[in-house]
Amino acid sequence: MLSSTAKNLYWMGRYLQRAKSTARLIEATQRMALQSRGEEAAGVAAIFGMEDEFRQTQEQGGRLASLIDFLVLDERNPSSIVSSIAAARSNAREERNNITVDVWESLNALWLDLSSRLRGDRATLDRGALIESVKKQAVMIFGAAQVTLLRDEAYHFLQLGAFLERADNTARIVDVKFHLLRPDGDPHADKPDYFAWSEVLACIGAVRTYRRIYRSALDPVKVAELMMLRRDVPRSVHHCLWMVDLNMRELADTYGARGEADRLAGELHTRLRYARVDKIFEIGLAKFLGGVRDDIATLSDEIGRQFLLD
Amino acid sequence: MAAKAFDEMNSGASGPGGTDSIRAPYRGVANWLARTSPERVAATRHEVDLFYRRHGITFGAYGAVDGHEATIPFDIIPRVMAWDEWEYLHKGLVQRVQALNAFLADAYGAREICRAGVVPESQILMNGEFVAMAQGLTLPGGVHAHIAGIDLVRVGEKDFYVLEDNVRTPSGVSYVLENREVMMRLAPELFSAMRVLPVANYSDELLATLRSVSFSDDAEPNVVLLTPGHFNSAYFEHAFLADEMGIELCEGADLFVDEGRVYMRTPRGPQRVDVIYRRVDDAFLDPLAMRPDSFLGVAGLLGALRAGRVNIVNALGNGVADDKSTYTYVPEMIRFYLGEEPILSNVPTWRCDRPDDYKYVLEHLPELVVKEVHGSGGKGMLVGPTSSKAEIESFADLVKARPDNYIAQPTLALSTCPTFVGQGVAPRHVDLRPFVLSGRKVTIIPGGLTRVALKEGSLVVNSSQGGGTKDTWVLAPDPSNPPHSNGEVPAPRAEGS
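One line per chain: the protein sequences are P and X, in this order. Count the first sequence with numbering that gives the first Met the number 0 and you get residues 0 to 309, in order. Count the second sequence with numbering that gives the first Met the number 0 and you get residues 0 to 496, in order.
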């Protein structure tokens with residue numbers, strides 16, 4: 000397999016996951032906006048690390064509706080849903096012969112669906128339906144990959160991209176939301192705002208999961224634990240980094256060689272696996288998550304170096 | 000226009016009209032057409048459209064911008080050849096491609112053919128396609144044209160002509176394979192009745208050919224396909240063939256040269272490459288040696304070739320052998336290199352750079368076909384009998400301005416095959432491009448690509464000019480009635496001036 004193939008599949012996984020995470024996040028934010036204050040727009044822009052870009056493109060000073068268009072429809076924003084799907088599709092198209100018909104057709108169908116929606120009048124475009132469609136069809140694409148792809152190098156690179164992106168997304172959400180809701184970093188300060196914390200869980204679709212696991216009222220410490228450390232929650236940082244490590248090991252077995260990327264993947268996985276939520280708050284959540292996110296970025300660079308993707 | 004065209008189904012011995020007029024190889028197809036009600040035919044056609052569109056989408060999507068690349072129209076009535084007809088063409092093709100390969104080795108070697116006074120040296124050295132970097136190279140097996148597409152036309156029961164040779168990067172073979180797939184699904188009953196020789200082994204044969212011309216003596220040399228990328232119109236064919244052969248489909252950036260060897264970048268580390276089946280034109284192959292602005296090639300590739308570390312297929316500079324003026328020398332090449340009489344005839348050709356020919360051509364434009372020496376794709380040509388006076392006059396000005404850029408040929412009455420058009424079945428003109436593979440041995444899959452001019456009366460079959468394709472069948476020899484082709488090889492036609 001060529002490095003360019005590995006690179007395309009890795010980025011296809013990343014972009015597709017990015018579109019899916021963004022769709023879910025926007026949905027949660029919209030629901031939140033219906034029932035509370037007015038800081039959502041800035042908060043969401045912060046999650047994407049693009050407060051500046053957002054401010055520059057908006058004349059109205061950051062209304063939620065214009066933020067959503069920026070994150071969903073704006074082709075100048077390389078991380079918007081539309082841009083991400085287009086990028087994932089272009090990666091897939093170049094590897095048309097390295098993926099199955101099912102994966103290609105489901106991804107192409109999503110792209111065609113988005114394109115036809117965008118051709119219509121923006122004023123009457125149903126954003127909610129578009130976001131819903133992205134969420135549904137992205138699940139189908141990952142499902143098609145799960146069910147039909149040969150478990151070879153190509154598959155592992157696709158998984159690697161998807162899980163690395165998802166780990167980073169969840170870490171970002173926890174980081175930014177806690178900073179907004181608890182600027183002092185103390186999770187126990189006062190009675191938690193029920194709606195605010197359930198919105199945080201909704202960003203990774205885990206409200207019911209929380210109830211199932213803890214059977215108790217929403218507690219910021221437990222929310223943090225669930226999103227970061229629970230291995231059985233498929234969008235937790237721990238679960239995603241476990242999967243990253245697993246796919247790195249599969250590749251190392253295939254190639255019979257290990258490098259810095261393997262070491263870092265193992266170290267990150269272990270850090271999340273043995274972390275305790277109370278200790279994390281002791282050293283500071285922002286500090287812990289900052290370290291994790293920096294290392295995820297370094298890991299992505301090392302993967303590029305080790306497998307000649309650059 | 001010349002006399003009424005030979006129809007491959009209906010021009011049987013007893014003349015048109017009666018049932019005996021159906022030529023033997025077409026009896027199965029004729030029965031099928033007669034037995035099948037017009038409604039059923041319409042339904043089958045619809046089925047074909049649906050099937051081919053769906054198939055075409057996944058096929059075309061290799062290179063499509065919006066997922067729906069236009070596919071070349073496919074006609075469901077196959078073109079059929081009897082075994083002895085094919086056997087004769089096969090012999091002629093092997094002979095012709097052997098001579099072309101001998102010529103290319105000679106053109107970039109000692110140029111014996113020029114010293115013998117058969118081909119003027121200027122024909123080679125002054126040719127815009129001549130690649131000086133390829134001079135003096137000794138290639139594995141002495142092969143330069145590993146994949147050749149020879150365009151043939153038929154004008155009568157036993158009269159075939161070579162229209163042109165394509166020995167650079169001929170394309171179209173993916174249609175041969177895809178058309179057969181479609182046909183087998185749509186009319187399985189025809190196949191069980193008619194013993195059609197298979198073509199699906201093409202990719203195996205191609206891979207074997209490519210491996211056989213590696214410089215290294217590795218048992219399994221590493222072969223890759225080099226494509227200009229997905230913006231190229233033939234990209235789907237590149238992806239299709241790489242897929243079929245199970246080799247890597249590379250762009251220039253996937254390869255690099257280090258210490259005179261070519262490697263591909265893989266997650267495992269650099270992997271050595273022994274043979275490059277390139278679908279990139281000469282000029283773009285190596286920015287260090289050819290066009291410096293090329294992003295499609297690999298820097299240092301030609302150095303690796305000259306060092307005998309990697310073979311490039313087809314070889315560089317093959318264009319000196321397949322332009323329309325070199326074409327006129329091919330029968331002489333066959334006599335010179337092989338000591339044989341040509342089996343397949345050339346179309347008589349006037350070269351406008353010769354004073355007598357030039358005069359004749361200008362006087363007879365309304366009855367001739369005039370082509371650019373380096374033209375392709377059915378563009379830049381004049382079909383005299385179907386052109387207006389004004390078109391002929393303006394083309395005459397072009398010829399007068401650059402006589403050496405044009406050749407002329409009589410307008411041939413290309414054979415016709417029954418084809419679905421509008422409301423029913425009607426004869427349409429066809430040609431044939433068999434694909435000849437030359438490695439340590441010469442292999443040709445039976446048949447080739449039949450192109451059909453879908454417009455009534457049109458002689459231009461190129462897909463860019465509204466042409467379609469047909470599945471091409473060569474029938475297996477009948478064991479109870481062995482072919483007596485040895486006694487019946489048609490005499491070669493006199494070759495044109």
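What the hints contain is simulated information worked out from the structure, not anything from laboratory work. Please read all numbers here as calculations on a predicted model, not as lab measurements. You may find that some hints are simply not true.
Just a few of them, taken from the derived set where beta-carbon distance is under 8 Å, the chain X residues facing chain P [claimed, not checked]:
{"hint": "1", "residue": "H229"}
{"hint": "2", "residue": "A233"}
{"hint": "3", "residue": "D242"}
{"hint": "4", "residue": "I246"}
{"hint": "5", "residue": "E247"}
{"hint": "6", "residue": "F255"}
{"hint": "7", "residue": "S386"}
Positions of the beta carbon are idealized from the N, C-alpha and C atoms, including for glycine.
Which earlier hints can't be squared with this structure?
-> 2, 4, 6 and 7
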